[in-house]
Amino acid sequence: MDTILQFFDTNLIMIYLLVFTIILGFEVISKVPTVLHTPLMSGANAISGVVIIGAILLIRAANPNDFLTLGLGTLGVILGMVNVVGGYAVTDRMLEMFKKKKK
Amino acid sequence: MLGSIVNLAYLIGATSFVWGLRQLSTPDTARKGNLLAAFGMGIAIFATMILPMTGVANNYPWIIGGMLVGGIIGFFAAKKVQMTAMPQMVSIFNGLGGACAVVLAMTELVHYYDRTATLSSGQLFIVLTTLLIGAIAFTGSMLAFAKLQGLVWDSQVTLPKHHIVNYILLAATIGLTAYVYMGGVGLGMTMAIGLMVLSLVYGFSFVAPIGGADMPVVISLLNSFTGLSAAAAGLIYDNNIMVVGGILVGAAGVILTVLMCEAMNRSLFNVLIGGFGGGAAAAIGADGDQVAKTVTINDAAIQLYYSQSVMIVPGYGLAVAQAQKVVKELDDLLSSNGVDVKYAIHPVAGRMPGHMNVLLAEADVPYPKLLDLEDANNAIPNTDMVVIIGANDVVNPAALDEPSSPIYGMPVLNVWEAKHVIVMKRSMSPGYAGIQNQLFFHDKNKMLFGDAKDSLQKLVSEIKTL
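Protein sequence lines, in the order shown, are assigned to chains A and B.
Per the working numbering, the first sequence starts with residue 1, numbered consecutively.
Per the working numbering, the second sequence starts with residue 104, numbered consecutively.
There may be inaccurate statements among the hints.
Said to hold, decoys possible - Pairs of lysine-lysine residues, derived as BS3-like cross-links and limited to a Cα-Cα distance of at most 30 Å, are as follows: (1) B/K264 with B/K182; (2) A/K31 with B/K567; (3) A/K31 with B/K431.
As the list claims (entries may be wrong) - Residues from chain B that keep clear of chain A, each with C-beta distances beyond 12 Å, as calculated: (4) L111; (5) S119; (6) A147; (7) A181; (8) A249; (9) D257; (10) K264; (11) V300; (12) A355; (13) L436; (14) Y470; (15) K567.
Rather than coming from a laboratory, the hints here were simulated on the basis of the structure.
Note that the structure is a prediction, hence the values are computed from the model and not measured.
C-beta atoms are modelled at their ideal positions from N, C-alpha and C, and glycine is treated no differently.
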């Protein structure tokens, strides 16, 4: 119990951020109309590629001779980057189709 | 100084994510919104590259190499994919995000167990959570992809009593997670690898019994898992923008999951267990004595051409037949004769949320013509002709008046309230839910049998002769 309370106290700002982002996320996303649900999903999917930042930090901090960490980190960067670039590019392709119909 | 710039860059990045998603709420600003979110990601990645870190080797060649490889793969995959294959593409991208989280968590665990880094008990908990959610998102998405692509059929990956198997696997996964957590650093890497394998197996097994028509729910849910795993990974690195981005994605996934479940009037639990059974349900309403009326191409063409208003109800069958462009052609012909053509889009039409809208947008159908369930049902009583193309369960009156039906209570399009209905369909076979559709025998309804694209093309050429 003490460790949990201590964790709560030391990470208070992070927990605030967490809670407010959840509320903000629900507010913003519930306004997206049905027509745009697929681009919303693929666009959000691209944002989840933000995990690539973790992989970059990992590689930067790695020992240059630690090939296991470097290899895994690079794998992480590749996976994350496919997610990011592919996600945004495919969303843009879809939204372009919606855009040009505007008369 | 540099540290402050990086912090500012992260703040701008996170704000761009939120504002970009905000702009996705209207088709006019959506494209800008997506570009803004992409810009935010670019800033965040660049800031992470220059973030001041003391006494590190940086290893930039590894990072840049990985980014080039991943970026090129992602770019070409996104350019090449067919719009009908969008659910598969999103599933793969999503799975890779989950896999990235798994890689990060496992690397942290390697360092933890060989004692080159320490983790507080709170951090260990977060690492294990990242591992668990990321692994489930990864294999779950990959199986969802395989199912959508038609590489794997439900029956090939489903065991008898599969939901019980899933309960056991889930209990075992959570149990092992708790064991690894309690075991501390003395436990060693073997158990961590065991946990990873078990989580991967659970992710696979969890998606296995979920049927093809429930894919919109599964994709939404897995999307939210990937977001949550990214957020959890953000807690490992104490990185705000990862937390913000991950949570936003998590929220998007949860909202879409709930919407999809509501559109099918089923609980998430019911979907996850594997919902519709075949046998018992198939018997309902399968009345062999009833005969459905049919209509010829010629009659259908005349009726459509001289209507005041036509409502097209597209289902996934339309996408399978790749007939969106012919529908648009039909639309143009009718519109040029003063017919008011609209489309009624059921929320679960297609294989992911909003999929049908994208397919029709690709065929140049203007989005104001696409009505959602509520608007369509309001407009149907004043519609002369409803044309149903490759849809079945979403226009089944049993959802309203047959309490024993598995789809009872599901919101459907009340197409029988229109003056006339034409159902274009290959045969009388039941839809995904395995139930007969009384609409086919309704007074107002006529059947037009044949492949959707083929029939539509014949209709178009017939109308051209009028």
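What hint numbers does the structure not satisfy? 1, 2, 5, 6, 7, 12 and 14
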